[in-house]
Amino acid sequence: MLDTYRELDTGLEESGLVHPPCPAMADEKQRGTHTLERALAVLKAFGGHAGPLANAELVRRTGFSKASISRITRTLVTLGYLDRASDGVRFQIGMRGPLLGHTYRANNPVSALCRPAMQAFADKHDLSVALAIGDGTDTLYIEYCKSPRIATLRLEIGSRMPMELTSIGRAYLWAQQPRERAALLAEIRQKAGTGNPHVLAPTHRAFEHLERFGYCMASGEVQRDSYGISVPVYLGEPAVPLALNCGAILPAPPDAHIRNVLVPDLMKAADALKQAMKGLDSNLI
Amino acid sequence: MKQISNLQKSARSRSLGKSYPDTHITDVRVVLRAPRDCAGARELAPAGDLITPIERGLAVLASFRVGDGWLGNQEISLRTDIPKATVTRLTQTLTSEGFLNHSLQLRKYRLAAAVLGLGFASIKNAEIATVARPLMQQLADECGVFVSLVGRDGLDIVMIENCHSATTLTTLALSAGARLPIISSPLGLALLSGLPEAERSYLIDRIRLRVEPEYRVKLRQRAADALAQVSQKGYCVSVGDWGEDLVVVAAPLHIADRPPVAIACAGPVKSVTKARLCDFIGPRLVDLVGTLGGFPTQCRDQGATQHA
Chain A
1 MLDTYRELDT GLEESGLVHP PCPAMADEKQ RGTHTLERAL AVLKAFGGHA
51 GPLANAELVR RTGFSKASIS RITRTLVTLG YLDRASDGVR FQIGMRGPLL
101 GHTYRANNPV SALCRPAMQA FADKHDLSVA LAIGDGTDTL YIEYCKSPRI
151 ATLRLEIGSR MPMELTSIGR AYLWAQQPRE RAALLAEIRQ KAGTGNPHVL
201 APTHRAFEHL ERFGYCMASG EVQRDSYGIS VPVYLGEPAV PLALNCGAIL
251 PAPPDAHIRN VLVPDLMKAA DALKQAMKGL DSNLI
Chain B
1001 MKQISNLQKS ARSRSLGKSY PDTHITDVRV VLRAPRDCAG ARELAPAGDL
1051 ITPIERGLAV LASFRVGDGW LGNQEISLRT DIPKATVTRL TQTLTSEGFL
1101 NHSLQLRKYR LAAAVLGLGF ASIKNAEIAT VARPLMQQLA DECGVFVSLV
1151 GRDGLDIVMI ENCHSATTLT TLALSAGARL PIISSPLGLA LLSGLPEAER
1201 SYLIDRIRLR VEPEYRVKLR QRAADALAQV SQKGYCVSVG DWGEDLVVVA
1251 APLHIADRPP VAIACAGPVK SVTKARLCDF IGPRLVDLVG TLGGFPTQCR
1301 DQGATQHA
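As they're listed, the protein sequences go chains A and B. For the first sequence, the numbering used here gives the first residue as 1, with consecutive numbering after it. For the second sequence, the numbering used here gives the first residue as 1001, with consecutive numbering after it.
So that you can see chain A by itself, here it is in the shape it has in the complex (with noise of 0.2 Å):
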């Protein structure tokens, strides 16, 4: 099984198909483009976190040159979409990038349907409860409920983690079709760079356990003591493939718990979710 998805990914970035982080852009219509993009990737990288970040910290997550990145942190800031931290000199979430947050979920009928199966979840466990989508090679979070009697790692609605990492986002990555799950897989390798080939391991034998028990778990790798336990979630029509998760900051319960309890009861709650978008055109995922 290992073996076929390596061959799926490896044939995948030789085909050509992973588009290579920057493109030459010819004229200035592209151009144009091509630095709302930046703009873009610029806000992305403070991980949903309300920062503050130094430019050189910015150059160094996005890979852009120094003077692109203050020209963006620039109209950023006049746009109010990034604030001057309380030092003057760098730079944290303004106003306008939450308030675009918020529009989409008025506007968004997934939250208000997902969240009932799920907040029964987190208060019947007193566990927290995430429903994640794919946001280029990173998860993130479009639904977070938990039990008010629980700490948790601070990830919420609007939380990125790199998908690799996390046990959401192995899940996620096993519920595409395999030729998204190729390209995805691809990128990541692609990002991790020659420095780190093992980037995937953790994620080919979440696969395996997928494969095996429909589940996967990941413990005390983002965080000590912590643990996360996921299954992939097919939503709306034509069905979209996400993945929910359920975890907390404690040692993991023992394993006949997760297998007999919490594991059938997350898949009853996928279920319930799956239920409740039925028919739901899936664009609106």
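It is worth saying that the hints were derived from the structure and are not from the lab. Check each hint, because a few of them may be wrong.
Per label pair, the in silico range of CB-to-CB distance [what the hints assert, rightly or not]:
1. Ser-68(A) <-> Asp-1141(B): 51 to 57 Å
2. Glu-208(A) <-> Gln-1137(B): 46 to 52 Å
3. Ala-239(A) <-> Pro-1196(B): 51 to 57 Å
4. Tyr-234(A) <-> Gln-1105(B): 18 to 24 Å
5. Arg-212(A) <-> Thr-1095(B): 33 to 39 Å
6. Ala-56(A) <-> Thr-1273(B): 54 to 60 Å
7. Arg-1107(B) <-> Glu-180(A): 21 to 27 Å
Everything numeric in this text was worked out from a predicted model, so none of it was measured. Here a beta-carbon is modelled for each residue, glycine too, at the ideal position from N, C-alpha and C.
Add chain B to chain A, keeping to what the hints say.
Relative to chain A, chain B alone:
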């Protein structure tokens, strides 16, 4: 009811006439810092300082408002004043980047999940609003007033959270997310009073540039008056400044490592007398501020684990 509609009208007339879309938001992370005027920035920035494709691309995203479903290129072009051909190119780019969803049948667009990645997580961490909401509601119910939590964005204040009393019909008809110029209301003056001296006078100087000359002297007076009241009692009272029939009591709330905010109670002058305001509601408001001031230690501890 007539009275309420007057209140609504006066509050509205102050909130409109601004270039901001009237967005409804339940939580707003109000950002600390270096003063930046929002509305004035465009005129102040030298030409060439703004990168047009960025400005236009983000304007396309911002043209979607609460209550909108799908929008076509034509409609976006009308709302943003960007030529349709350019809008078409921008919506394509934004769709391929995941910020817009495109419906082939409708040939229209709507905001997509990736916009959540532009900082939404940072506002959801606004524990102040989460913690304050039940306490504000309690105050609203007990005192029969409208309670509002505001923060600052540039030279505006933004409503973060509003609570209506269960017993009265008083409302300002301003929802969370509404913006008002700082000086237009006692809330802004209370917020200014809670700022460090340097920041307050910097802001007042910037505001002065944007008001009619005859109000400039009054502006400093009003700010100084509010500051005197706040330093004496912890809150400032305003009768009729904001709306004719409106009494307001407002207090700044500054929690370590958090952007400064202000809380205000407002009610119609007929049912809330000035005596009740000063003797009962004001002190209750100060208690609330004290209670909220007590919680940030716990939040900071949680915050420390964020990137662990």
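Checked hints:
The beta-carbon spacing between Ser-68(A) and Asp-1141(B), approximately 53 Å, falls within the hinted interval of 51 to 57 Å. For the pair Glu-208(A) and Gln-1137(B), the beta carbons lie near 51 Å from each other, so the given range of 46 to 52 Å is met. The supplied range of 51 to 57 Å is met by Ala-239(A) and Pro-1196(B), whose beta-carbon atoms lie about 55 Å from each other. For the pair Tyr-234(A) and Gln-1105(B), the supplied restraint of 18 to 24 Å holds, since their beta-carbon distance comes to about 21 Å.
At roughly 37 Å, the beta carbons of Arg-212(A) and Thr-1095(B) sit within the given window of 33 to 39 Å. One distance hint, 54 to 60 Å for the beta-carbon pair Ala-56(A) and Thr-1273(B), holds here, with the actual separation near 58 Å. A hinted range of 21 to 27 Å for the beta carbons of Arg-1107(B) and Glu-180(A) is consistent with their spacing of about 24 Å.
The structure meets every hint from the earlier list without exception.
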